[in-house]
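Read top to bottom, the protein sequences are chains A and B.
So for the first sequence, the numbering used here puts the first residue at 1; every next one is plus one.
So for the second sequence, the numbering used here puts the first residue at 1001; every next one is plus one.
Misleading hints may appear alongside valid ones.
Said to hold, decoys possible - PhoX-like mimics (lysine-lysine), calculated; alpha carbons at most 25 Å apart, straight line:
#, chain 1, residue 1, chain 2, residue 2
1, B, Lys1391, B, Lys1363
2, B, Lys1270, A, Lys46
3, B, Lys1249, A, Lys46
4, B, Lys1187, A, Lys46
Derived from the structure by calculation, the hints contain no laboratory data.
Chain residues, written in single-letter form:
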Amino acid sequence: MTPVMRFDHHHTRMRHGTFLEYKKFRYLKLATLVSVASIAAYVFHKPPVTPYGGTWLGYTLGTIGALLILMLLWFGVRKRQYSAADANLQGWLSAHVYLGVSLIIIATLHTGFEVGWNVHTLAYVLMLGVIFSGFYGIYSYVRFPSMITGNMAEDSFDSIMLKISTLDSEARKIAMRLPDHLVLAVQAAAQGTIIGGGLFTQVTGRQRNCPTTAALTIIQKGGADLKGDAAKHNHELYSVMLQRKRLVDRARADISYRARMSIWLFFHVPLSIALLAALAAHIVSVFFYW
Amino acid sequence: MIRCLLAIVTRNKRGEPSSEQRLVTGTELRLGRGAESKIHLNDPRVALNAAVIKAAEDGRLYLEALSGNLNVDGKFEKTTKVKPGVRIGLGPYEVAIEPSKNQNEHDFILNLELVEPLPESLKEEGQRARVTLSAAGLSKRWPALIMFFVILGGFLVWPILHATQPGVKTAAKNLSFAPDESWDPGKLAHPHQGFGKDCAKCHDQPFVQVRDSTCESCHKTIGGHVETKTVQKAAFGEARCAECHRDHKGPLGLIRTDTRLCTDCHSNVKAHAPSTSMVNIRDFATDHPHFKLALLDQTGKATRILQSEKARLKEKSGLKFPHDAHLDKKGVKSPTAPNGRVVLECKNCHTPDAAGVRFEPIKMDKHCADCHRLEFEPAVTTRTVPHGDPKLAMTTLREFYASIALGETPIDVTTVDGLLRRTNESKSEVARKKAMEWANQKADKIAADLIEDRSCATCHTVSKQAGEYQIAPVRITNYWMVKAKFEHFAHKTAKCVDCHEVEKSKTSEDIAIPDIDSCRTCHAGQEPAKNKVTSTCESCHGFHLGSPKRGATAANQVEGDPHRGIQVAAHAGRAAK
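Okay, chain A solo, but in the shape it has when bound (with noise of 0.2 Å):
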């Protein structure tokens, strides 16, 4: 047996570029071929009444989408599966994204533009709620993480809250030699001030009345009756102070960009087990009362 040399494409092409350009558009071209293939199945088709999900096209139609809706869901489970020998998730999640897109396309033609108070039309917008929930989860995948990136610079989330312990115990000790109301401007920063919350807080990574914010008025109107070391002091305080609010600041931008990055998910995957849940009901019912 002679050896066979082989390049593996997979490990010598450079994968650069998101999830969206993967294999050079591959999904998309898949997913524009199957939608037009779809309306113009729908153009060209004479249906015998009128276009709805019990004609051939509709029961095909009907096939297509839930094949792909059970497909699109198997992403949620592979993506768990980390020993997956061909784990291959940009291609997974590029195919997640633009067949789902397809999916309006399909399902609507499959509805042929029937709705009605009903369990089929259940079915078909909690799949529309799903998908929309996806758009706004593609627009946080492309835009966040430079974001997220870009605020950290070098910092993890950890340093900064060690960086801002830190900070904390060399303002303690400036504060030490300055009027009390500064001391405890500095200690209420300390201990009040709270990085991330509950979910609005979270998501505007904002706190009212942020206790650093507070100190930082506090030591500048403080320092304007001070003179000779005590203003020096009072200086330094606010500097440390300043690098304490930045980095306040940084962080809970950390927290609301991870937050507005996952949030969405918290729709898309409950309707998605939602919509399994339709789909069959959708189905079973169709053909119990056939």
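Please build the complex by placing chain B on the supplied structure of chain A, with the hints as guidance.
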């Protein structure tokens, strides 16, 4: 080249220092968290490139902050001279410069001490609250599980149990909605709405398509499409009712009215029924053949003749009726009209039937008798012979003249003249015989005048066989297009003469049924055309045998039924005997 003796200071529990020393050299000495730093500060709070020691143009060494500030003896600075005795705070580290102890080996000693060690546990930092959405109380799992089971239970399990378990059905009886209503894909057709909430009325077997037998349990009389059963089966196979009749398509959605219902087969009809004599039809506007008119022969049998076969297109109704004379603009003679003439219109004789589809049959007594009076004795204007049977007419004549000859004035005869006087003579046997002879001769003479010349022969063909008068049977066609439906009420906006040219017709053989070209002046095919009515097959034809739109078939051309059959004048049958 900068040569520095780096002394890393650590302290034991009692706070006594000890140091680990090594020589660090380079054109510049970098301090930072990064591994490439000559002086590595292994602490997360330190910047990657925190500071650098380098020689300035004056040859002196400076420490310059690359990130943040230096805390030089309690003051924040960007740069500071590297000179013995200076203490510099760099994040959690303290840098102290000492003079060299061996100038040959190094330029200065740099004491590095971690003065602010890392807290034991990061969790002790109270300000680090909830930094993930999950920690903020958001869950993917719970909403997913709740929605999954609510939807599966409410829209799948419950309806199935309702359909299969009588107990569940009984329990749900008093609800204002049925559990399987959520499965209803759309509004039912009007006739089905009355029982529509009970899905099982039609969907009587799970996972089985609605069966024809279920439809036929109510629709008992509806027929197939083709009379011949073998052709029906060959053309339609086992096609189910529901293949065409899709319900849940709205109140009027149950019946197909599209052209393809017909043209799927009729555009190439021989492929589906090889023995047929029908031609291919795709559209009324383009390739519909000429209409066939059902013409009756003397026995009442209908033969359908193409309107293009003009030579054969003569109605043999047995009646003499010139439309032109009756529609004379100056009017026709009328004994009842004040000025002796009456102008007739179509509607005087052609009265729409109750359905407004066709017309009531023409009747002598109703439509003709006002003018065409059957008086026989000029002296007695109130007496007429009965219409319909020449034998009865003869009997009337004989009775009338016999009674007069015998001196018995009929009670309705009040006129007194020579006729009456003559009968008042004798009643002897001879005289009676003579009177009878006279009466018969008189009756025959009057009959010859009345039947052969003056009255009957005006409209009828009269012959005499074995001394008895025979009137040719009258069969007026009332139903010309038996395979189509034509509703006159739908054409009310048109005048009669728009379609029926009868004003110049001199004989009843003329047929005034409009041909396809006449219809096409107003009717387009399935494609809309300007100022025309879009017309599909279904506009004129029905699919099912037995449907009112389908028209008559040879089998159901019922005599006397003006809507279905062919009008046969009431007396014709008897006269023919």
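query = So which of those numbered hints doesn't the model satisfy?
reply = The structure breaks none of the hints.
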